[in-house]
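Asks: Here the protein sequences come in this chain order: E and D.
The opening residue of the first sequence carries number 1 in the numbering used here; numbering runs sequentially from there.
The opening residue of the second sequence carries number 1001 in the numbering used here; numbering runs sequentially from there.
Hints were generated in silico from the structure; no laboratory data involved.
A couple of the hints might just be wrong.
Claimed, not checked - With a straight-line cut-off of 30 Å between C-alpha atoms, the simulated BS3-like cross-links for lysine-lysine are:
id	chain 1	residue 1	chain 2	residue 2
1	E	LYS12	D	LYS1104
2	E	LYS85	D	LYS1104
3	D	LYS1104	E	LYS56
4	D	LYS1104	E	LYS134
5	D	LYS1120	E	LYS58
6	E	LYS56	D	LYS1335
7	D	LYS1330	E	LYS135
8	E	LYS2	D	LYS1335
9	D	LYS1323	E	LYS135
10	D	LYS1120	E	LYS77
11	D	LYS1535	E	LYS105
12	E	LYS134	D	LYS1612
13	D	LYS1014	E	LYS82
14	D	LYS1179	E	LYS58
15	D	LYS1022	E	LYS2
16	E	LYS85	D	LYS1323
17	D	LYS1489	E	LYS2
18	E	LYS58	D	LYS1104
19	E	LYS14	D	LYS1489
20	E	LYS2	D	LYS1576
21	D	LYS1323	E	LYS56
22	E	LYS82	D	LYS1104
23	D	LYS1489	E	LYS181
24	E	LYS135	D	LYS1489
25	E	LYS14	D	LYS1179
26	E	LYS77	D	LYS1271
27	E	LYS134	D	LYS1120
28	D	LYS1120	E	LYS85
29	D	LYS1179	E	LYS56
30	D	LYS1323	E	LYS11
31	E	LYS82	D	LYS1489
32	D	LYS1104	E	LYS14
33	D	LYS1104	D	LYS1120
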Amino acid sequence: MKTVLIEIDGKKIKAPLGAALLQVARQNDIDIPTLCYNEQLEAVGVCRMCLVEVTKNKRSRLVASCVYPVEENLVVKTDSEKINKIRRMIVELLYPAVPEELAQKYGPQSPRFVPEYADCTLCGLCVRYCAQIKKGNVAYFQGRGVDRHVALIPELAEECIYCSKCFNLCTGGLITGLYDKPEYQKLPSPENKD
Amino acid sequence: MTRLTSDAQLERLKNDLLARSKDKKIVSLTNGTDGKTRHSQKVLQAFVEQIQKQGLADRVIVKSTGCHGFCEIEPSAIISPQQICYVSLKVEDVTEIVTETLLKGKIVDRLLYQDPHSGKKCTRESDIPFYALQHRLVLANNRFIDMESIDDYIALGGYAALARALYKMTPEQVLEEVKNARLRGRGGGGFPAGRKWQTTRDAPAKTKYVVVNADEGDPGAYMDRSLLEGNPHSILEGLIIGAYAMGAKEGFVYVRQEYPLAVQNLEIALKQAAQYGLLGKNILGSGFDFNVNIHRGAGAFVSGESSALMCAIEGLVGEPRPKYIHTSVKGLWDKPTCLNNVETWANVPLIINKGADWFRKIGTENSKGTKIFSLVGKINHTGLVEVPMGITLRQIVYDIGGGIPKGKKFKAVQTGGPSGGVLPESLLDLPVDFDQLSRAGSMMGSGGMIVMDEDTCMVDTARYYTNFLARESCGKCVPCREGLRHMLKILNNITDGRGRPGDLQLLEELSDFVRQASLCALGTTAPNPVLSTIKHFRSEYQAHIEDKKCPAGVCLELISFYINPDDCIACGLCAKNCPTDAVSKDEEKNVYLIDQEKCVKCGSCLAVCPDKARAVVKRARTPVEEKV
């Protein structure tokens, strides 16, 4: 694969053409915070915590580094007031469902917003894990826009306690008890009906 | 129908069709979705029956056409060859038209359009002030084409551009022509179409796709629908020419399920084009193959975004995905895909027929050609207007639209749909093109234009659009979902009289965040309604927040209805019409009173209070009035 030379935070780095910028940065000990990213899963670029500033042909813009493909002569800034302002707002809007270290680094002293979910950032790690690794397709997103939330297929939710692999991925804690909710209790099957 | 196997055969067919309709009279009746809501179908049947009855069947052709533009006066009919235009037709009018105009050649004066300003009667459609300033190119043929007839399209020179492209031009020449015309995408972004085509053409892949974006979702906008219904072949012809230029063998039309007539007419058009050999294998005998599939959208605003639309066609959930590699390189099934809006494709045959030089003469420096707007809201003449780029908002609103009804004052015009912005009176002389609108804090969008008068609350307007976007966003990225959620909460608070100092700053801070950090264009443009209303109507926000007043008298929590005892004539109409029994009679004083506790502020009392009394008044809610 073709290797290209890029610059991240002033550091010259050789990277494979087309590799995800976030991975390249992390392999070179440059940390970029994330919420919805996991190496095992397809990157989706939705939490926007990993936004960085890239400059190409003298034009700079903000991009989600987890899905941005590396190319020749890219100049990247992973830390700036503009970027940190965005990260602080993301954490403030999702607080307290965010991981402790992000809350400490970017969290507000007194949050101005009451979150819709105190235990879910809608990062979708559970949904993607269930679909891509477990191939269970039990967890999914229901609704759109502000109504979007994580739900389970009721007929399949009873399996969740035996798998529970996505529990460790959850930063807010919603998924750990979701399967236990009344709507996901075992549905009466024809044989069970007295 | 026989397959056409050369450009000469197409020309011959055109001449045959023209000869066949020579010396015949034509009735072109508007029968699109807008006409049908006013029983145009019945009027059409009446025409057919009357013509039969009076023995004119072999001398008169009745055409069921799409919208001509001026929806308000539909059903309307143009009688050719004299081009007499009759408006607001009813079944009862048909016999008179047939006997007087079709048989005797006389004009039925009472069915002509009368200009409300000058009182002048307009015999021809072009005499109507609404049409006089327009420059109809894309919409021009809607009035001459039966919606279900490919023959009508061909008789008007349809598919000649395709024949020209296939026989007289190389794909590179077609591409050059579109580039030279400097056509920009009509769907919202205004990206140069030629450059997009070039990217797809140059992308290294054997399989390529071309797609029509007909997922028109802006509230109040329906120009794409009218084109799809009235002249589907013009879009199809543009698409085939594009496919030829880019080397695509397959195309898709993504059309909203909510446009049943558009879907139906498009299906008919595809079938007819295939029968004539204008689609499928070896088109017009040129060796070029191309097929088109229709994909019906399941009704999501966000699916109009290019990557979301492509997800939907692939059978996935219609949600945008990050596209640092453009869809024109990696789109449908990861193949290079060129997506253009309905109106963009429909411009292509015009450019190929008349040339890029001709096209470039219309419009402004960086926005060429015409644009169709749907002019709606508080405006005298509602309808579709096709105007050259660079026309001013004032000309559109006053000269074409006839100004604001009931002598009210103009307040603002919203352009660009829900993610556009509002433009106040001070910007009425702004020339309308892609760059001027963006610079003014709004955008061209797909062409929605909603006019607002003095009775419109701008905070409520911003709240309405933010609510729309918060619910129509896909919700996957944090800035758009959470940012809009909290912006909506703040706007709800302000309109409910619970606004706090600092709300405006917080709205601006959130807007900035959503605009910078969102994943797709829905998010990055979503704060426009809030930002533009704050920019141009800041004092109205302050009145809501600081004085708890809604100057326009719209926000329910900030107004109250009140009966002036001095004016009340005790007719009791208000009490009779009150849905919550909030109005009762004070027998002693012989006047009616409103119980503010029970009142739901529906305004029924105000609406029914007789003109001679005018006792019911709408006022800003103040503690003094609450005591009454």
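Asks: Hint by hint, which ones does the structure fall short of?
Replies: 1, 2, 3, 4, 5, 10, 11, 12, 13, 15, 17, 18, 19, 20, 22, 24, 25, 26, 27, 28, 32
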